[in-house]
Amino acid sequence: MSTGVAADIDDDLWSAVGDPTRRRMLDLLLVGDGTATTLSQQMPVTRQAVAKHLGVLDRVGLVRATPAGREKRYRVDEAQLARAVAQLTSVGSAWDARLQRIKRIAEAIQRGV
Amino acid sequence: MEFGSIEREIYVEASPETVFEVVSSPERITQWWPDGAHYDVAPGSAGEIRFGDPEAGGGVAAFTVVDVQPPRLFSFRWTHPAGQEAREGNSLLVTFRLAPAGEGTVLQMTETGFREMGWEAAVLEQQYREHVSGWDFFLPRLAPCAEKLQVRP
Chain G
5 MSTGVAADID DDLWSAVGDP TRRRMLDLLL VGDGTATTLS QQMPVTRQAV
55 AKHLGVLDRV GLVRATPAGR EKRYRVDEAQ LARAVAQLTS VGSAWDARLQ
105 RIKRIAEAIQ RGV
Chain W
12 MEFGSIEREI YVEASPETVF EVVSSPERIT QWWPDGAHYD VAPGSAGEIR
62 FGDPEAGGGV AAFTVVDVQP PRLFSFRWTH PAGQEAREGN SLLVTFRLAP
112 AGEGTVLQMT ETGFREMGWE AAVLEQQYRE HVSGWDFFLP RLAPCAEKLQ
162 VRP
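Sequence order for the protein chains is G and W. Numbered by this note's numbering, the letters in the first sequence go through residues 5 to 117 in order. Numbered by this note's numbering, the letters in the second sequence go through residues 12 to 164 in order.
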């Protein structure tokens, strides 16, 4: 049975996309593949910082890396990104179901059942 | 409103007093949500709610009552780390507002805190709109949330 947010949501995935810098990186990577170097040229952060953020995104599967010379080339894993958004949708549906149960229970009490 | 909060409204054919009891009392809450609930219906009361059997992979979530105004309002925070005081930034805030309507009650529910917890998905949602190729399969799943959105300029 689907229950609470804690059980349904992948916390690591959501904290990965919770950071504005990482979201900006995802945005850039959706336009086209990139490396830590190319991304850092488009953002006001150092290459080292970008590499660290890419590591976070990589660990939760939001980006995939392939070797590119001395660097790694990253692209967005669209299925995982879709999963992240679908999870938020499921939080909403969970409340719809709970509210329907609240309604049923309260109306049964009122009718004296 | 933004993507980081959920708002719902439902009409219940029962008095606000009855609906209030169903949404707030630990005995009733287990009939529509968790499998176990331990807290006092009093502001500041800290407790927990339980899902499934903890011995068999179930989960326990912290639960702290924020505000109690029978039969108009009941709010609580949950999902904060065990042992921590519930506050903005470490938990989700659920608020039930009840208003009499005819013979029944309009029950409003909001859940907020996703943004503070790092769950802001507004950018993801925007990306869906901007990068639609290949995404048609997933877009219909966004509709229930999107209806509640006021799209930001």
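Careful: at least some of the hints might be erroneous.
[Claimed, not checked] Partial selection, computed: residues in chain W whose CB lies under 7 Å from chain G:
| id | residue |
| --- | --- |
| 1 | Ile21 |
| 2 | Glu24 |
| 3 | Thr29 |
| 4 | Gln42 |
| 5 | Trp43 |
| 6 | Trp44 |
| 7 | Val52 |
| 8 | Arg98 |
| 9 | Leu104 |
| 10 | Val117 |
[As the list claims (entries may be wrong)] Derived CB-CB ranges, DEER-like:
| id | chain 1 | residue 1 | chain 2 | residue 2 | range |
| --- | --- | --- | --- | --- | --- |
| 11 | G | Ala83 | W | Gln95 | 26 to 36 Å |
| 12 | G | Asp100 | W | Ser56 | 20 to 30 Å |
| 13 | G | Ala83 | W | Asn101 | 45 to 55 Å |
| 14 | G | Arg77 | W | Asn101 | 52 to 62 Å |
Just so you know, the hints here were simulated from the structure itself, not pulled from any lab data. Virtual Cβ for every residue (Gly too), placed ideally from N, Cα, C.
Legend entry - Indices of hints not satisfied (ascending): 7, 8, 9, 10, 13 and 14
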